[in-house]
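**Q** Here is how the chains run, residue by residue.
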Amino acid sequence: MAYQAALLALADPTRRRVFEKLRRGPLSVGKIAAGMPVSRPAVSQHLGVLKKAGLVGDSTQGTRRVYYIDPNGLAAIRIWLDQFWDTALSSFQAEFAKEKEAE
Amino acid sequence: MISVAPVRKQVLVSASPPRAFAVFTAEMSRWWPATHSITKSPLKRYVLEPRVGGRWYAVGEDGESCETGYVIEWQPPQLLVLAWQLNGEWQYDPKLVTEVEVRFVAEGENATRVELQHRNLERMADAAQRVRGMVDAPGGWSAILQAFKKSADT
Numbered sequence: 000m001a002y003q004a005a006l007l008a009l010a011d012p013t014r015r016r017v018f019e020k021l022r023r024g025p026l027s028v029g030k031i032a033a034g035m036p037v038s039r040p041a042v043s044q045h046l047g048v049l050k051k052a053g054l055v056g057d058s059t060q061g062t063r064r065v066y067y068i069d070p071n072g073l074a075a076i077r078i079w080l081d082q083f084w085d086t087a088l089s090s091f092q093a094e095f096a097k098e099k100e101a102e
Numbered sequence: 000m001i002s003v004a005p006v007r008k009q010v011l012v013s014a015s016p017p018r019a020f021a022v023f024t025a026e027m028s029r030w031w032p033a034t035h036s037i038t039k040s041p042l043k044r045y046v047l048e049p050r051v052g053g054r055w056y057a058v059g060e061d062g063e064s065c066e067t068g069y070v071i072e073w074q075p076p077q078l079l080v081l082a083w084q085l086n087g088e089w090q091y092d093p094k095l096v097t098e099v100e101v102r103f104v105a106e107g108e109n110a111t112r113v114e115l116q117h118r119n120l121e122r123m124a125d126a127a128q129r130v131r132g133m134v135d136a137p138g139g140w141s142a143i144l145q146a147f148k149k150s151a152d153t
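If you're matching them up, the sequences are chains L and V in order.
Residue 0 is where the first sequence starts when you use numbering that gives the first Met the number 0, and the numbers rise one by one after that.
Residue 0 is where the second sequence starts when you use numbering that gives the first Met the number 0, and the numbers rise one by one after that.
Be careful, since some hints might not be right.
[To be verified] Only pairs whose alpha carbons sit at most 30 Å apart, straight line, appear in this in silico DSS-like list of lysine-lysine:
| # | chain 1 | residue 1 | chain 2 | residue 2 |
| --- | --- | --- | --- | --- |
| 1 | L | 97 | V | 94 |
| 2 | V | 94 | L | 50 |
| 3 | L | 20 | V | 94 |
| 4 | V | 43 | L | 97 |
[As the list claims (entries may be wrong)] Covered, in the sense of this in silico footprint (three residues per stretch, anywhere, with C-beta under 8 Å from a C-beta of chain V), are these stretches of chain L:
| # | segment |
| --- | --- |
| 5 | 77-86 |
| 6 | 89-102 |
Treat the hints as calculated values from the structure; they're not laboratory data.
The structure presented is a predicted model; accordingly, all values stated were derived computationally and were not measured.
Using N, Cα and C, we set each Cβ at its ideal position, and we do this for glycine too.
Please model the entire structure based on the sequences and the hints provided.
**A** As structure tokens, this is what we get:
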């Protein structure tokens with residue numbers, strides 16, 4: 000389940016810091032790495048894991064690449080609830096058909 | 000602020016709004032899918048106390064009861080808003096509140112359109128982040144699940 004992948008990705012403290020730096024808005028790798036005790040390539044690697052888990056996205060702004068928090072990071076949980084409500088509501092609807100038959 | 004689009008669903012039922020409202024609330028046990036029970040034993044009853052602040056909970060056949068949430072708005076036969084406090088692992092988390100709004104709109108003589116919206120899903124991310132703070136060491140998935148349980152118990 001993708002939701003679990005997201006949590007697992009965030010279990011790493013450094014990766015969590017990388018993710019949290021993006022809470023205020025999109026940033027380049029350089030800006031994210033600034034003030035962190037890890038190298039830029041390491042930050043890039045963490046961003047790759049976060050991206051794979053659906054938590055961040057990236058886009059090109061002019062000549063630089065920026066990373067942002069992906070609002071669909073919880074897509075998995077949304078899909079799960081979407082399907083759940085489909086099942087629940089059709090079951091609810093069927094209840095009235097049953098009543099009709101009983102009459 | 001991270002936001003996640005609400006889940007929206009609608010269904011047309013052959014009943015008046017008061018009847019549809021009653022089946023949705025007082026008779027939830029009759030239609031709630033048994034496959035989606037949060038009780039360990041088979042679902043026996045699903046109870047929604049008919050008032051603002053009323054509890055919403057499931058009772059299993061062996062007597063255990065499991066909370067789902069509570070009633071936020073109670074305006075029969077038009078509107079119902081429920082707090083859904085289950086996280087992605089079907090665990091009750093008292094600190095998590097997502098909202099399920101259900102509107103009952105009359106469609107002619109004896110039909111009702113039931114419009115459901117499950118919103119504030121991004122709060123599940125906040126809950127996940129709180130849990131995240133508890134798992135400081137880079138533990139495996141089991142450690143995360145433990146934390147989830149812990150958070151559901153407090």
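**Q** Please go over all the hints and tell whether each is borne out by the structure.
**A** Outcome of the hint check:
1. For the hint linking residue 97 (chain L) to residue 94 (chain V), the alpha-carbon distance of about 38 Å lies beyond 30 Å, and the restraint is violated.
2. A C-alpha spacing of about 28 Å is found between residue 94 (chain V) and residue 50 (chain L), which places the hinted pair at or below 30 Å, so the restraint holds.
3. Simply put, residue 20 (chain L) and residue 94 (chain V) have alpha-carbon atoms about 25 Å apart, close enough for the 30 Å limit, and the pair holds.
4. Annotation: proposed proximity of residue 43 (chain V) to residue 97 (chain L) holds, straight-line Cα distance about 20 Å (limit 30 Å).
5. Only when three residues or more bring their CB closer than 8 Å to a CB of chain V does the claim for the segment 77-86 of chain L stand; here the count is 8, and the claim holds.
6. Check result for the segment 89-102 of chain L against chain V: holds, 10 residues qualifying (beta carbon to beta carbon below 8 Å, three or more required).
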